[in-house]
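*Asks:* Okay, here's what each chain looks like letter by letter:
2 protein chains.
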Amino acid sequence: MTVKVTRSMLKRQAIIDGALSAFQQYGVSDTSMDKIAQTAQVSKRTVYNHFESKEQLVTHIIKEIWRQNILTCELEYQADMALDVQLAALLKNELDFLSNQNLQELIRVAIGYCLFNPEIFTAEMSEFFEQETALIRWIKQAVSAGRLRQVEPQKAHAQLISLLKGQAFWPQILHQQPALTNAQIEELTEDTVAFFLAYYQA
Amino acid sequence: MTVKVTRSMLKRQAIIDGALSAFQQYGVSDTSMDKIAQTAQVSKRTVYNHFESKEQLVTHIIKEIWRQNILTCELEYQADMALDVQLAALLKNELDFLSNQNLQELIRVAIGYCLFNPEIFTAEMSEFFEQETALIRWIKQAVSAGRLRQVEPQKAHAQLISLLKGQAFWPQILHQQPALTNAQIEELTEDTVAFFLAYYQA
DNA sequence: TGAAAAGTAAACTAGCTAGTGTAAAAATAC
DNA sequence: GTATTTTTACACTAGCTAGTTTACTTTTCA
Numbered sequence: 001m002t003v004k005v006t007r008s009m010l011k012r013q014a015i016i017d018g019a020l021s022a023f024q025q026y027g028v029s030d031t032s033m034d035k036i037a038q039t040a041q042v043s044k045r046t047v048y049n050h051f052e053s054k055e056q057l058v059t060h061i062i063k064e065i066w067r068q069n070i071l072t073c074e075l076e077y078q079a080d081m082a083l084d085v086q087l088a089a090l091l092k093n094e095l096d097f098l099s100n101q102n103l104q105e106l107i108r109v110a111i112g113y114c115l116f117n118p119e120i121f122t123a124e125m126s127e128f129f130e131q132e133t134a135l136i137r138w139i140k141q142a143v144s145a146g147r148l149r150q151v152e153p154q155k156a157h158a159q160l161i162s163l164l165k166g167q168a169f170w171p172q173i174l175h176q177q178p179a180l181t182n183a184q185i186e187e188l189t190e191d192t193v194a195f196f197l198a199y200y201q202a
Numbered sequence: 001m002t003v004k005v006t007r008s009m010l011k012r013q014a015i016i017d018g019a020l021s022a023f024q025q026y027g028v029s030d031t032s033m034d035k036i037a038q039t040a041q042v043s044k045r046t047v048y049n050h051f052e053s054k055e056q057l058v059t060h061i062i063k064e065i066w067r068q069n070i071l072t073c074e075l076e077y078q079a080d081m082a083l084d085v086q087l088a089a090l091l092k093n094e095l096d097f098l099s100n101q102n103l104q105e106l107i108r109v110a111i112g113y114c115l116f117n118p119e120i121f122t123a124e125m126s127e128f129f130e131q132e133t134a135l136i137r138w139i140k141q142a143v144s145a146g147r148l149r150q151v152e153p154q155k156a157h158a159q160l161i162s163l164l165k166g167q168a169f170w171p172q173i174l175h176q177q178p179a180l181t182n183a184q185i186e187e188l189t190e191d192t193v194a195f196f197l198a199y200y201q202a
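Which chain is which? The protein sequence lines are A and B, in order. Just so we're aligned, residue 1 is where the first sequence starts under this note's numbering, counting upward by one. Just so we're aligned, residue 1 is where the second sequence starts under this note's numbering, counting upward by one.
Hints in this document: simulated from the structure, not taken from any laboratory. Every value quoted in this text rests on a predicted model; they were computed, and no experiment measured them. Don't be surprised by glycine CBs; every beta carbon is placed ideally from N, CA and C. Hints may contain errors.
[Unchecked claim] Straight-line distance between alpha carbons at most 27 Å, and here's what the computed DSS-like set of lysine-lysine pairs gives:
1) A:Lys-35 - B:Lys-35
2) A:Lys-155 - B:Lys-35
3) A:Lys-35 - B:Lys-54
4) B:Lys-155 - A:Lys-155
5) A:Lys-92 - B:Lys-54
[To be verified] Some but not every residue of chain B turned toward chain A, in silico, with C-beta under 10 Å:
6) Val-42
7) Asn-93
8) Phe-97
9) Trp-170
Let the hints inform the model, and build the full structure from the sequences given.
*Replies:* Listed below in structure tokens is the structure:
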């Protein structure tokens, strides 16, 4: 069964795509509604037919960014597999996620807006920064199974994520460094696994 | 000897302070030159007498922020002191620096501007993110003295800084969390020292 | 004291901003 | 084929923007 795609829906999507593209280039404040309409190849009136105001368009897009980010992978703890292999797989997964070029541009827009509009940092949004749940769940299970030392899983998780983001996320967000190559991702994964397990493996 | 402070210098400083204060509240794009003049209690013409354009005022302030940040403390490696005590002192120093409320607001302005104006991220600016030199030097010396395992000092340093920033800097910059309390700084320091030395101590 | 330097208010230009009103054209629905 | 919805171009408001001009006052400094 094919889903019906109305012209209205196409226009709406064009507006969202155009706005996002303009935001990525100029930032939210320096992107006008005229510019958005032009980028989306749509009349300005059509923009206002779909979104009551610029504010609504911006928050819709930023919330959409977050919503897409919530879907993470699910790798479960395996009792019969070496810890380092499992952890490496989980971290590699996180890194692929964090290094995604497309995602980084979206997040840059969201951060640029949220820095001076902190009120939209609602609970639903800050989830992104805490929701790497597959990894937390894995830590909990490994601790329960007695294969990791007793720790607050939240703390161990925060340490792992900090180690990854500090080298594969923040420098890229700030335009300091290009995305990591596959070899670099590999190396960072191994380093982090060794570092982490040296301290936490039971 | 008292340094002569001219009225012109006072006005200039008032402009800088006013602009910075307005930037912190509204972000650069959403702060007008009229607003800056008003905040600084100065006529708009005086603003333009000191700074040729808004662009020049912005870049002057942001460069000044960076310049101030380059001055870090100097704790040297001591051959006759326990590693964990020395490292704890160094990390505590970094944390006091990163948790400085005033600094965080300045950096938020700089980041908000640089996100969509990456060209001003010149070499002199990105230094801030690499210049925690006291810590790097300490690692090098401890490695040379055979008290830390052989590693690239840059890598070990990056790991330490990531662990600190991930919990005491980025969440605060993004308005997610309040500044760390002294007790939390203490705890983070101890955790990080233990984590790091478990892997790297020779 | 008196000339030069710096600061002032206020009006002004020219262009951009978010958002609206309108009437015609095009696509869709039945 | 007709009725309805959607999109379109375009003119418009009202306000803000960076930056300038002018005529004037205050401060500095020798």
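*Asks:* Determine for every hint whether it applies to the structure shown.
*Replies:* Now the hints, each set against the structure:
1. Using a Cα cut-off of 27 Å, the hinted pair Lys-35 (chain A) and Lys-35 (chain B) holds, with the two alpha carbons roughly 26 Å apart.
2. Note on Lys-155 (chain A) and Lys-35 (chain B): the hinted pairing is violated, with a Cα-Cα distance of about 44 Å set against a maximum of 27 Å.
3. About 23 Å separates the Cα atoms of Lys-35 (chain A) and Lys-54 (chain B), which keeps this hinted pair within 27 Å; it holds.
4. With a C-alpha separation of about 22 Å, the suggested pair Lys-155 (chain B) and Lys-155 (chain A) falls inside the 27 Å cut-off, and the hint holds.
5. Taken as a hint, the Lys-92 (chain A) and Lys-54 (chain B) pair is broken in the structure, with Cα atoms around 44 Å apart against an allowance of 27 Å.
6. Interface hint at Val-42 (chain B): violated, since its Cβ lies 23 Å from the closest Cβ of chain A, which is beyond the 10 Å cut-off.
7. Hint status for Asn-93 (chain B): violated, given a least beta-carbon distance of 18 Å to chain A, over 10 Å.
8. The restraint placing Phe-97 (chain B) at the interface with chain A is violated, with a minimum CB-CB distance near 16 Å, outside the 10 Å limit.
9. Among the interface hints, the one on Trp-170 (chain B) holds; its C-beta lies about 7 Å from the nearest C-beta in chain A, closer than the 10 Å criterion.
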